[in-house]
Amino acid sequence: MSQTEIGKENPMAADSAPLQEKAAPRALPPLMQMTDRAATRLRQLYEGANKGQTLRIGVNTKGCSGMAYDMSFVTAPSAGDERVVDHGLELLIDRKATLFLIGSVMDYEVKDLESGFTFSNPNEKGRCGCGESFHV
Numbered sequence: 574m575s576q577t578e579i580g581k582e583n584p585m586a587a588d589s590a591p592l593q594e595k596a597a598p599r600a601l602p603p604l605m606q607m608t609d610r611a612a613t614r615l616r617q618l619y620e621g622a623n624k625g626q627t628l629r630i631g632v633n634t635k636g637c638s639g640m641a642y643d644m645s646f647v648t649a650p651s652a653g654d655e656r657v658v659d660h661g662l663e664l665l666i667d668r669k670a671t672l673f674l675i676g677s678v679m680d681y682e683v684k685d686l687e688s689g690f691t692f693s694n695p696n697e698k699g700r701c702g703c704g705e706s707f708h709v
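Using this note's numbering, you'd call the opening residue of the sequence shown number 574 and step up by one each time.
If you are wondering where the hints come from, they were derived from the structure by calculation, not from laboratory data.
Warning: the hint list may mix true and false statements.
Each pair of labels, with its calculated beta carbon distance range [claimed, not checked]: (1) LYS595 with ARG616: 16 to 26 Å; (2) THR648 with LYS684: 22 to 32 Å; (3) GLY661 with ALA622: 16 to 26 Å; (4) LYS669 with SER693: 19 to 29 Å.
Beta carbons: idealized from backbone N, C-alpha and C, even for Gly.
All chains should be modelled from the sequences, with the hints used to inform the complete structure.
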């Protein structure tokens with residue numbers, strides 16, 4: 574049997590086109606993004622009291638819903654931390670938190686009695702009544 578004959582009998586032969594094209598892999602959303610307000614506030618912190626440090630974001634077990642965001646300033650990344658750069662600013666994401674934070678957006682809100690960073694997380698399935706913790 575010649576190569577041409579093999580190609581006719583076997584649609585997956587070397588010189589024939591596959592029956593179905595492979596789908597392109599779906600792009601993952603960014604691990605985390607910042608709003609302009611969050612970037613402005615973080616830049617102020619990086620240029621002020623936290624100069625030379627980087628904000629590290631993780632999650633820990635806390636509250637009545639199970640998980641809470643944990644933020645701290647560090648001078649060096651921990652092993653396995655993911656580096657995120659947005660608005661020209663670097664963030665570190667704890668490797669244990671990456672699956673919980675994919676696609677999140679960090680904002681900075683100023684209210685009458687408090688201000689701080691907040692998170693819009695597409696992975697959250699619910700929050701506790703006080704808003705301190707969440708579950709996925």
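Checked hints:
Range check, LYS595 to ARG616: Cβ separation about 43 Å, and the 16 to 26 Å hint is violated. The hinted window of 22 to 32 Å between THR648 and LYS684 holds, with their beta carbons roughly 31 Å apart. A beta carbon spacing of about 20 Å between GLY661 and ALA622 agrees with the range 16 to 26 Å that was offered as a hint. Range check, LYS669 to SER693: about 21 Å between beta-carbon atoms, so the 19 to 29 Å window is met.
Checked against the numbered hints above, the structure breaks only hint 1 and satisfies the rest.
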